[in-house]
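Student: Going down the list, the protein sequences come from chains A and B.
Residues 1 to 575 in full-length UniProt numbering are what the first sequence lists, from first letter to last.
Residues 1 to 575 in full-length UniProt numbering are what the second sequence lists, from first letter to last.
No lab work stands behind these hints: they were computed from the structure.
Any given hint could be a false lead.
For chains that are exact copies, the list does not tell them apart, and a pair is met inside one copy or across any two.
[As the list claims (entries may be wrong)] Straight-line alpha carbon distances no greater than 30 Å define the calculated DSSO-like cross-link-like pairs of lysine-lysine that follow: (1) K498 <-> K471; (2) K420 <-> K287; (3) K498 <-> K58; (4) K58 <-> K541; (5) K317 <-> K63; (6) K128 <-> K562; (7) K300 <-> K71; (8) K562 <-> K79; (9) K562 <-> K498; (10) K63 <-> K562.
Note that this is a predicted model, so its numbers are computed, not measured.
2 protein chains.
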Amino acid sequence: MKKLRVTLAQLNPTLGDFRGNLEKAREALEIAEQRESDLLLFPELFLSGYPPEDLMLKLSFLKENQATLEKLVSYSEGKQVAMVVGFIDCREDAHNSAAVIQNGKVLGIYHKISLPNYGVFDEHRYFKPGQEMLVLKMGEIKIGVTICEDIWNPVEPLASLTLGCGVHLVANISASPYYVGKPLLREKYLSMKAYDYHVAIAYCNMVGGQDELLFDGTSLVSNPNGKVVLKGGTFEEEITTIDIDLDENLRINLLDPRRRYMSTQNLPFKFLELPPPKPKKERYPEKPGSHMEREEEIFKALVTGVRDYVKKNGFKKVVVGLSGGMDSSLVATIATEALGSENVKGVLMPSPYTSRESLEDAYQLAQNLNIEALTISINKVFESYLKALEEVFRQTNPDITEENLQARIRGNYLMALSNKFGWLVLTTGNKSEMATGYATLYGDMAGGLAVIKDVYKTDVYRIGRWYNQKKGAPIIPQRVFEKAPSAELRPNQTDQEKLPPYEVLDEILRYYIEENLDPGEIADKGFAMETILQTIDMLRKNEYKRKQAPVGIKISTRAFGKDWRMPITNRFREP
Amino acid sequence: MKKLRVTLAQLNPTLGDFRGNLEKAREALEIAEQRESDLLLFPELFLSGYPPEDLMLKLSFLKENQATLEKLVSYSEGKQVAMVVGFIDCREDAHNSAAVIQNGKVLGIYHKISLPNYGVFDEHRYFKPGQEMLVLKMGEIKIGVTICEDIWNPVEPLASLTLGCGVHLVANISASPYYVGKPLLREKYLSMKAYDYHVAIAYCNMVGGQDELLFDGTSLVSNPNGKVVLKGGTFEEEITTIDIDLDENLRINLLDPRRRYMSTQNLPFKFLELPPPKPKKERYPEKPGSHMEREEEIFKALVTGVRDYVKKNGFKKVVVGLSGGMDSSLVATIATEALGSENVKGVLMPSPYTSRESLEDAYQLAQNLNIEALTISINKVFESYLKALEEVFRQTNPDITEENLQARIRGNYLMALSNKFGWLVLTTGNKSEMATGYATLYGDMAGGLAVIKDVYKTDVYRIGRWYNQKKGAPIIPQRVFEKAPSAELRPNQTDQEKLPPYEVLDEILRYYIEENLDPGEIADKGFAMETILQTIDMLRKNEYKRKQAPVGIKISTRAFGKDWRMPITNRFREP
Chain A
1 MKKLRVTLAQ LNPTLGDFRG NLEKAREALE IAEQRESDLL LFPELFLSGY PPEDLMLKLS
61 FLKENQATLE KLVSYSEGKQ VAMVVGFIDC REDAHNSAAV IQNGKVLGIY HKISLPNYGV
121 FDEHRYFKPG QEMLVLKMGE IKIGVTICED IWNPVEPLAS LTLGCGVHLV ANISASPYYV
181 GKPLLREKYL SMKAYDYHVA IAYCNMVGGQ DELLFDGTSL VSNPNGKVVL KGGTFEEEIT
241 TIDIDLDENL RINLLDPRRR YMSTQNLPFK FLELPPPKPK KERYPEKPGS HMEREEEIFK
301 ALVTGVRDYV KKNGFKKVVV GLSGGMDSSL VATIATEALG SENVKGVLMP SPYTSRESLE
361 DAYQLAQNLN IEALTISINK VFESYLKALE EVFRQTNPDI TEENLQARIR GNYLMALSNK
421 FGWLVLTTGN KSEMATGYAT LYGDMAGGLA VIKDVYKTDV YRIGRWYNQK KGAPIIPQRV
481 FEKAPSAELR PNQTDQEKLP PYEVLDEILR YYIEENLDPG EIADKGFAME TILQTIDMLR
541 KNEYKRKQAP VGIKISTRAF GKDWRMPITN RFREP
Chain B
1 MKKLRVTLAQ LNPTLGDFRG NLEKAREALE IAEQRESDLL LFPELFLSGY PPEDLMLKLS
61 FLKENQATLE KLVSYSEGKQ VAMVVGFIDC REDAHNSAAV IQNGKVLGIY HKISLPNYGV
121 FDEHRYFKPG QEMLVLKMGE IKIGVTICED IWNPVEPLAS LTLGCGVHLV ANISASPYYV
181 GKPLLREKYL SMKAYDYHVA IAYCNMVGGQ DELLFDGTSL VSNPNGKVVL KGGTFEEEIT
241 TIDIDLDENL RINLLDPRRR YMSTQNLPFK FLELPPPKPK KERYPEKPGS HMEREEEIFK
301 ALVTGVRDYV KKNGFKKVVV GLSGGMDSSL VATIATEALG SENVKGVLMP SPYTSRESLE
361 DAYQLAQNLN IEALTISINK VFESYLKALE EVFRQTNPDI TEENLQARIR GNYLMALSNK
421 FGWLVLTTGN KSEMATGYAT LYGDMAGGLA VIKDVYKTDV YRIGRWYNQK KGAPIIPQRV
481 FEKAPSAELR PNQTDQEKLP PYEVLDEILR YYIEENLDPG EIADKGFAME TILQTIDMLR
541 KNEYKRKQAP VGIKISTRAF GKDWRMPITN RFREP
């Protein structure tokens, strides 16, 4: 009977907070030991936080990471559980590493072999790839240690570990950036890997936000049948334990002779001998978990993103400009869920073009969310600008200039409140606006965190509707969903004067940005070439704005952030 | 007698402007052919421009690059010169490549072996490394083809090409990002390589600006003695030709037996047979060029950066807020040199805290530069803001909020002028300010291009002094150099109230940012630990501002741009 008790420490570290992260690790260690776990997994680079970016180039940072590992090792004295913890091994060169620690000793260190350098990843900038696999032997049980990307490759190192070395369990410590649907994809992918290679997989993922990136947790254990027997919560810190039955693995291997005929690469192995697992009395049973619907997942993601950005950066309160429109209503709602009513301030900044309905809706929302609402008119300040610029603007006609001025006065108000009271400004622009430049730089784009920067307008509506339904009440007033979207910067303005309908726009953008299709391919999906080229043209022309936008929470496969590295100076035009 | 006539096309492509770049290539081809050149070198990725960043992920972009190469090939029909041109070979995977073209045919394609992925480089994100070296044989003459980074490695592929294969000339096509002193460093480095490996080197570098990056040209040819026999202008487009005498090479090899005993890696070679060079009548003699002094080099760099950013992005005129201080004076001067007096607008935006001297100096500068100067007071608008915020700010005291408001009104004025008249706003913040956050987000940081973002305050003064001296007149008024630097946002304010003296600050910053020293190591240089930690603390706290700053022209080894990838959320504190 090969049984192994595994604890997954699905925790939320803070980048650079070595002391705080160490304390979290120590607590998890105590719990895992109490639960008589044989193996305790932490996320990738848990001690430092992930991704450390150019802090990797600071010797002092690397040294403190090393010192933190040593403290954790000394905490482990007298503890029987073997833990696998992510840190930066920088003794000779920098490696994204997993230390195997037990009873006051580092038994071995594994270096991540597959370093991603695409999308949001820059791991070739910082790390040297590992050249050797690491296998723990606990009596008869063999456990392969891997880090994140290692398990996402088509063949290696998984093939060598399983088909080559015959490990019973692949442990994977991870910091896997979230996008919508990633938890489900990961579950499918890892359970199919377990099924394909006839091996149990224990996957421990990071949770929490780090600037634009989110980590959703949703750690899991799959048995060698591909059945998920444990699933951690999504966007929840959690320390979960399970007893994995590893006999299953052998049975399947004996019945399926494929592995005897399959060749693997010649990667070297290193083996570590550990004491075998001790017999236990009570059981930690299966907890397969359930799925979340799309809107709930996104909402929870954004709430986590706001909470972590605000708190990890030492803020307490936030301020949101309330226009009575859909975007600001959703942002205020998310902020309230993340931080509590007392920590969210709404500001209404009416102009002559603000409709009565918008003002009413903004007040109603503030009331529904139970947040304080300030009102500061922009009329007088706007007039004083027009007066000051009168001479210079003689013989010109009103245009986008005057519209932008209004947006910028509002931006200045919010920043003044931020400066005076220490409130972080949340911006309310959505992905459709960020893409097309339908936003004012230094105006509605001014702030510290762009909450829905990666959420298309059509999804903003969907999430708003889902929220009201969940609450069983029109927290976001019904009229907000019904009126035509407008910036209200001149009389009777609507978004759709300048933009294609959002249902069309969002699809074209998604094909172009996230699926990287060429215009012809998008046209094949049933969109007019003229609309496609107009959309792409707006996208390209507004690169300079996006370069100056605040960070936003990434929820798609390609957000305007680390995975959108477009030049400003760019004469390329889609043919 | 082994002689080879080489033409270097040190040209300034525009990213994505395939048609324009092709036209430049065609012109260079005509000239090289007229000059009976045997070999014509273009810069790295010349046909697309460099760096293409995430345009690399667009199939349509890659296809147009391929189509452009084909057009160039057809232009080459009937031409005897062999040309080496940088493009993206994307037939099977994406490679940073050099095509060897002669008389209507692609004779061979080389794939860059050494792909940089540090500093400003992300080449592992986009390209697959080459696995094979390419050697051209023109009769008895062997020429190794390399791309940029290939020649900056300590050993390979240079060792194999020279010691292994015995090439007479290494041709290197390059897009080498500029920093102060790079032209001289490159000259030393390449000539020492030539000396060490007993091989002639012909190095053709890109020239011009692409967003934050500059390429300085300064192409060169070194003979196998390490003597630079040709040097291209710095920040100049140029097509230069030289006859290289390659007998020298053989003589040295016979006299120095080292190579017979040195081992090299086993990289495969591919040989291309080309017709031998024909005998020529007249000579293209040596042109070793001269050095530039530091201030002149920086000034020329910034002028190039402004000119290329403005023109390549389709702007004509720029606007600069003139405060009468050193920074804005230098920026206006650079802009005037880059674009001409008629294309630069100065705006004076006095407040009650603006000194009479500052206003006079600003006017005087505008007069000296012969640029139009507008004056728009911020007083009334500032008052209207205070009035509007009066209620909300009851029971608070004036602080940084009111200072920022003034800066933001000025930012709004400049942006309003930009919106109304299509003038690009140049910001005037220097590197010392960008580092310490001594600047207002959406205020003086508002604009399209941050001209001196990578120039420390002490250098701003140096360059200003150099400029006046060069002109033999106080174009930048003498008083600007003499008065204490101040933001003039409250009475009697000076920079040095909040910041260490610039002589100290700049050195600490340079050690920390550019040399990556730890605080203890900086203290060893003779600075007070308290000042060091205070400086580093300011640097860290202002990451969020820098994330929203406009692009700036990189002139140092580490600018706040592509090579400064710091997290905002960061609890790491220097110990």
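Student: Could you run down the list of hints and mark each one as holding or not?
Tutor: Structure-based check of all given hints:
Within a single copy, K498 and K471 get their C-alpha atoms no closer than 34 Å, and across copies no closer than 50 Å, so neither meets the 30 Å cut-off. In this homomeric assembly, K420 and K287 never come within 30 Å of each other (Cα to Cα): the closest approach is 49 Å inside a single copy and 62 Å across copies. Proximity of K498 to K58 under the C-alpha cut-off of 30 Å is restricted to the inter-copy arrangement: shortest distance 26 Å between copies versus 47 Å within a copy. Proximity of K58 to K541 under the C-alpha cut-off of 30 Å is restricted to the inter-copy arrangement: shortest distance 16 Å between copies versus 37 Å within a copy.
In the homo-oligomer, the alpha carbons of K317 and K63 never lie at most 30 Å apart, since the shortest distance is 34 Å inside one protomer and 50 Å across protomers. Both within a single protomer and between protomers do K128 and K562 lie at most 30 Å apart by alpha-carbon distance, with minima of 21 Å and 21 Å respectively. When the C-alpha separation of K300 and K71 is checked against a cutoff of 30 Å, the pair qualifies neither within a copy, at 34 Å, nor between copies, at 53 Å. When the C-alpha separation of K562 and K79 is checked against a cutoff of 30 Å, the pair qualifies neither within a copy, at 41 Å, nor between copies, at 45 Å.
Taking identical chains as interchangeable, the C-alpha atoms of K562 and K498 lie at most 30 Å apart only when both belong to the same chain, with a minimum of 28 Å there against 33 Å between chains. In the homo-oligomer, the alpha carbons of K63 and K562 lie at most 30 Å apart both inside one protomer (27 Å) and across protomers (25 Å), since each shortest distance falls under that limit.
Violation of the numbered hints given earlier is confined to hints 1, 2, 5, 7 and 8; the remaining hints are satisfied by the structure.
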